[in-house]
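*Asks:* Now for the letters of each chain:
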Amino acid sequence: MTATLTRTVPLASAPRRRRPRSRVAAWIAVAVIGVFGLAPIYWLVVTAFTPDDKAFSFPPALFPTEITFDHFTKLAENEQLFGYLVNSVIVSVVTAFLSVLVSAYMAYAFSKFRYRGRKSLMHLILASQLFPQAVLLITLYAVFSATGLLGSYAALILSFTTFTLPLCVWMLKGIFDTVPSTLMEAAAIDGASRWRTLHQIALPLAAPGLVAAGLFAFVRAWNDFIFALTLTDPARQTLPPGLVHTYLGEFQTAWPDLMAASFVVSLPVIAAFMFLQRYLVGGLTAGAVKG
Amino acid sequence: MRGRKLSDGQFAWLLMVPGLALFLAIIAYPLVSALVTGFFEQSLVRPGRSFVGLANFADLLGGDFWPVLRNTLVFTLGATIAPFLIGYALALALNAGLPGWLRGLFLFPWVIPGVVVSFLWLWIFNANYGVLNGLLGTHISWLGEPTTAMIAVIVTKTWASFPWMMVMLLAGLQTMPKELHEAASVDGAGAIRRFRSVTVPHMRAIAGIAFLLEFIWNFQHFDTIYVLTGGGPAGATKTFAVAVYDTAFKGFDLGHATALGGLWMLLLLVLMAFYLRKENA
Chain W
1 MTATLTRTVP LASAPRRRRP RSRVAAWIAV AVIGVFGLAP IYWLVVTAFT PDDKAFSFPP
61 ALFPTEITFD HFTKLAENEQ LFGYLVNSVI VSVVTAFLSV LVSAYMAYAF SKFRYRGRKS
121 LMHLILASQL FPQAVLLITL YAVFSATGLL GSYAALILSF TTFTLPLCVW MLKGIFDTVP
181 STLMEAAAID GASRWRTLHQ IALPLAAPGL VAAGLFAFVR AWNDFIFALT LTDPARQTLP
241 PGLVHTYLGE FQTAWPDLMA ASFVVSLPVI AAFMFLQRYL VGGLTAGAVK G
Chain G
1 MRGRKLSDGQ FAWLLMVPGL ALFLAIIAYP LVSALVTGFF EQSLVRPGRS FVGLANFADL
61 LGGDFWPVLR NTLVFTLGAT IAPFLIGYAL ALALNAGLPG WLRGLFLFPW VIPGVVVSFL
121 WLWIFNANYG VLNGLLGTHI SWLGEPTTAM IAVIVTKTWA SFPWMMVMLL AGLQTMPKEL
181 HEAASVDGAG AIRRFRSVTV PHMRAIAGIA FLLEFIWNFQ HFDTIYVLTG GGPAGATKTF
241 AVAVYDTAFK GFDLGHATAL GGLWMLLLLV LMAFYLRKEN A
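Chains as they are written, first to last, in the numbering used here: chain W, 1 to 291; chain G, 1 to 281.
Since the hints were derived computationally from the structure, they do not count as laboratory data. Model, not experiment: these values are computed from the prediction. Just so you know, even glycine gets a beta-carbon here, dropped at the ideal spot from N, CA and C. Among the clues, some could well be false.
With a Cα cut of at most 20 Å, we get these calculated SDA-like pairs of lysine to any residue [what the hints assert, rightly or not]:
| no. | chain 1 | residue 1 | chain 2 | residue 2 |
| --- | --- | --- | --- | --- |
| 1 | G | Lys178 | W | Ala26 |
| 2 | G | Lys250 | W | Ala26 |
| 3 | G | Lys250 | W | Val244 |
Computed far set for chain G versus chain W, every beta-carbon distance over 12 Å [to be verified]:
| no. | residue |
| --- | --- |
| 4 | Phe39 |
| 5 | Ile81 |
| 6 | Pro113 |
| 7 | Gly130 |
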């Protein structure tokens with residue numbers, strides 16, 4: 001009896017003793033990585049609110065002593081930047097709608113039907129988002145310039161679709177896979193056509209997934225740099241290349257202004273991801289959310 | 001409705017028509033056409049082209065290809081291994097019972113747009129007023145020296161990528177049955193032993209896919225490198241993406257640009273074959 005007693009003592013106390021220690025180690029890891037991960041964001045925000053004379057001093061003050069909103073008011077008055085913003089919104093929203101519309105039908109076919117060539121096509125589309133943009137860009141440039149689309153919104157939207165289409169197809173296939181086939185069979189027995197089953201049963205059930213896929217597409221389009229840099233004229237440029245041209249070409253970059261602009265450009269994307277938290281892993285494994 | 005007369009297979013193909021048309025027009029055709037251009041001498045600004053066989057490839061393999069391959073490999077390895085290790089450590093830490101909002105907090109570097117990431121680190125690495133030099137009390141031109149420039153772009157890309165690694169690996173850790181760890185610790189296995197014998201085997205599949213995907217993305221990464229260094233100084237950070245872009249849109253030499261692109265894609269194809277096999281497994 002004494003033997004069993006002494007043996008139960010370390011067993012019972014061992015996990016209790018270990019847990020705080022591993023948790024302390026975990027907090028230390030989080031703190032170290034946290035400095036690397038979050039200090040730059042702190043610096044972005046601090047710089048955006050720092051007056052120019054303080055920002056351009058050496059060594060820089062790590063903690064702000066003076067706060068200004070000048071950089072943001074300057075931003076709001078800049079008509080050129082406002083133009084880039086409008087372009088970004090138009091192009092990203094249209095890209096998202098177009099991608100979801102086209103991909104939903106394709107993903108539904110992939111998910112709910114079995115036919116020859118299905119597997120190879122799915123792989124081709126999955127693989128296509130791993131093709132380098134820089135190579136695609138060369139021919140897209142030639143095609144758009146031959147058709148007179150170069151510099152138009154359409155050129156940007158179509159080029160963005162090269163990466164949002166595969167992404168949305170794979171995400172939505174995953175979503176449709178979770179819609180039980182029995183529901184569709186039931187609809188078919190009740191006399192609904194396949195067309196009606198798709199629109200009145202499957203699509204409404206997949207609605208949250210459609211929104212998520214659309215948001216991912218929006219974010220990818222909003223963030224794109226290489227296509228927007230090359231396929232547009234200055235009047236149709238979106239924010240990423242627009243900011244590069246506005247700020248980086250100058251002799252002395254206006255860093256606080258640029259940080260304020262960066263702050264503003266990031267906001268819609270951050271908002272989108274707050275909604276997307278739940279879909280994050282699914283969306284990520286569906287393919288290249290960010291390349 | 002008309003649809004009812006079609007077989008299921010025909011109906012499925014009908015649904016795919018818009019997507020396929022788009023796919024063929026903006027992905028498949030441009031890609032094939034680009035690969036064909038590699039066998040021609042063609043300029044971006046002058047019309048017409050002439051067939052030159054393998055001359056473009058021979059030019060590249062006789063010189064420019066190798067430094068670009070070397071830069072791409074250094075960048076890709078660095079910018080994949082570092083976020084993988086940081087992301088893994090963070091995922092393990094967050095899985096040890098820390099509050100869930102921390103995950104959201106760490107996503108910020110990954111969520112913000114790529115150009116913003118580039119602007120931010122350009123500012124941090126700035127030689128005159130940058131905060132890094134401020135902390136070190138130096139005036140090093142980080143982006144102006146070949147070695148430090150490569151390290152700088154790797155650090156920047158690592159910063160933008162480690163959250164994605166964390167999310168993927170954390171998802172893997174969360175599917176690991178707790179009983180496995182409990183059983184191992186009852187058997188007297190310490191933390192390191194449990195990590196090696198329980199966690200690592202369980203995570204092998206997802207860690208492999210996460211690593212490979214990140215590797216493939218870095219292999220074709222453009223944004224940060226282009227904004228931070230433009231491939232410089234003296235070509236020290238010129239990777240495939242930057243080299244192809246510059247050859248086509250600054251040198252106007254489409255033949256060499258697409259030939260380089262073809263070689264680049266050949267290497268990517270090998271990686272992709274690995275990926276598709278893993279994805280299927």
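*Asks:* Please name the hints from earlier in the document that this structure breaks, with their numbers sorted from lowest to highest.
*Replies:* 2, 6 and 7
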